[in-house]
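J.: Using the sequences plus the hints, can you model the full thing?
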Amino acid sequence: MINLSHSKKTFQNRLNLIPNNPGVYVMKDIHGKVIYVGKASNLKNRVSSYFNKTNSNDLKLNLLRENINDFEIYITNTNNEALLLESSLIKKYQPKFNIRLKDDKSYPYIMIDLNQDYPIIQFTRNITIKNLDRIRLFGPFSKAKEVRKTLSIINALFPYRSCTKKITGNDLRPCLDYHLKRCIAPCISACTKEEYEEVMKDVVKFLEGDHKFVINKLNQEMVYASENMMYERAARIRDQIQSINEFHNLSKDKINDNKVIDYIGITPSEDFASVSVFESRFSNLSDSIKFIMEGTKNRSLKDIIHAFINQYYLEKVNKPNIVVLQELPEIKFINDSINNNTKKKMKFIVPSIGIKKKLMDLAIENSEYNIEHITKKKNDTDNVLNTLKEKLLLEKAPERIECFDISNIQGKNSVGSMVVFYNGQPDKKQYRRFKIKIENKVDDYLMMKEMLTRRYSRLLKNNNSSDKDNDMNKYKPDLILIDGGKGHLTTGLQVLLELGLSALPIASIAKKHEYIYIPYSKEPINISPKSSEGMLLQNIRDEAHRFAIQYHRKLRSKGLLNNSLNDIHGLGIKTINNLLLKYGTINNIKHTNIDDLILVRG
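So for the sequence shown, the working numbering puts the first residue at 388; every next one is plus one.
Keep in mind that the hints were calculated from the coordinates and are not lab data.
Any given hint could turn out to be false.
Straight-line Cα separation of at most 25 angstroms, DSS-like style, residue types lysine-lysine; simulated pairs [as the list claims (entries may be wrong)]:
#: 1; residue 1: K765; residue 2: K677
#: 2; residue 1: K604; residue 2: K765
#: 3; residue 1: K420; residue 2: K861
#: 4; residue 1: K489; residue 2: K420
T.: As structure tokens, then:
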């Protein structure tokens, strides 16, 4: 509760200045890291309560008070605005004292942008879209493979365009999809805008799971087309109806309920909670998604349910009609947090018998299995990391490992990569790429030295700065792993000594025999390449190698490597592209008269 950033008088003045408005408060620790986010209908009363001397029986609250060093407030106009902001900040900062939905992956969605004249159907993981009025999102799906399978199915059932080109209606000929009856070809004006819109409406209904509506509508269109002697159109619709019926009959899991329902099972463990969500769309069990809730220690099941509902459904675009779960949240909480912020009102039920009870129990069983699976995986990982600690003579198990690799072709166009593994798993948000500044030198050691110096100079700069943010540069590795032999290790050790970071553990892994080297040891460490710890180090090294090569190829494909035009001051990308279009190669440009080159404009 002691604030080290402010004097007692200044701190009390800050508390006195807090208004009685609704809003969100953010608590920070001594390092400036956000440790808790909360909302309040009266900010002054709520924030002040954290700094009074009254003891609480709430262990979490007492521990939080001990760690608070500073706070920020965000004033909102309404409680609903505060709720939305709170959810957003929890997702952003993942504070350790909040129950939080673990955000370690972006689930895939199907997106249809109805703002376009001739919409296409897209795979996306980005759902932070501002204008959602005419954008339809379907998901989340548990696997990208399921999205692509669904897209393949609807592309076979509905004649929409799969191309991304601009539609003018003036193309001379259609693509193959038109001849395969997979598109009604707006590109050659084979259909009107209204006809294409009808196709997209059917796709939306189909994705919502309402197959009967689509079939009835298509039957009406087929009859109309036949009566008006539009026989080709009638035959196409007949085939479409047959395909949809065949697909619908293949659905194995039938639930006799023509609604959109989510079945939720939650199982708390000692350190986290597992959540399993079964999605039922118009009598079909369509998907199963697993989540992890962190910060649940010593929290009740009701608290966990509240946190999950708030974070999962608050910003979810396609909400269900009914949510089935093992314990009811408070009605006031539902109305305040969810139903006041959406046009679609959700109903929450706890079934005691019937198919809904069976499916809820199945969701709970899945969440229990997930707990066992994660716990076993964590125990296995802990054993591997502890073995590495012993064999590499480390002070602690290497939870955070940073691995470096260089990629180049005969010393040219050199790039470097840094990958981060946390508890044996890749943390791709913290991967970094380096464009090596040393040119035309076949010197792996020099390039490695440059990359390591840049990375760990930033670490020093960040740790010495009072302005600490969430940038990865403030995190010290428990182990630095270099792709290379003893020479590369010596280079890395030299960099750390020069920066005053010799206490950081470092090792290298040589490709040929998978030898592992550590400082001041002439012989490689006795780690078998086929052991769990050996394979972990190889996987990390291979990931760094993959990431470096990927960056090298990306730059090369963009034409950014070995292109002397990029080095000419004042010459923009557009002018460079126009020069290459006109003259073909850099060599041709070099041999062109300067007066002719000046005429080429960007």
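J.: Each hint: holds or not?
T.: Results for each hint:
Between K765 and K677 the alpha-carbon distance is near 17 angstroms, which keeps this suggested pair within the 25 angstroms criterion. Between K604 and K765 the CA atoms are separated by roughly 52 angstroms; this puts the pair beyond 25 angstroms, and the hint is violated. Simply put, K420 and K861 have alpha-carbon atoms about 11 angstroms apart, close enough for the 25 angstroms limit, and the pair holds. Simply put, K489 and K420 have alpha-carbon atoms about 18 angstroms apart, close enough for the 25 angstroms limit, and the pair holds.
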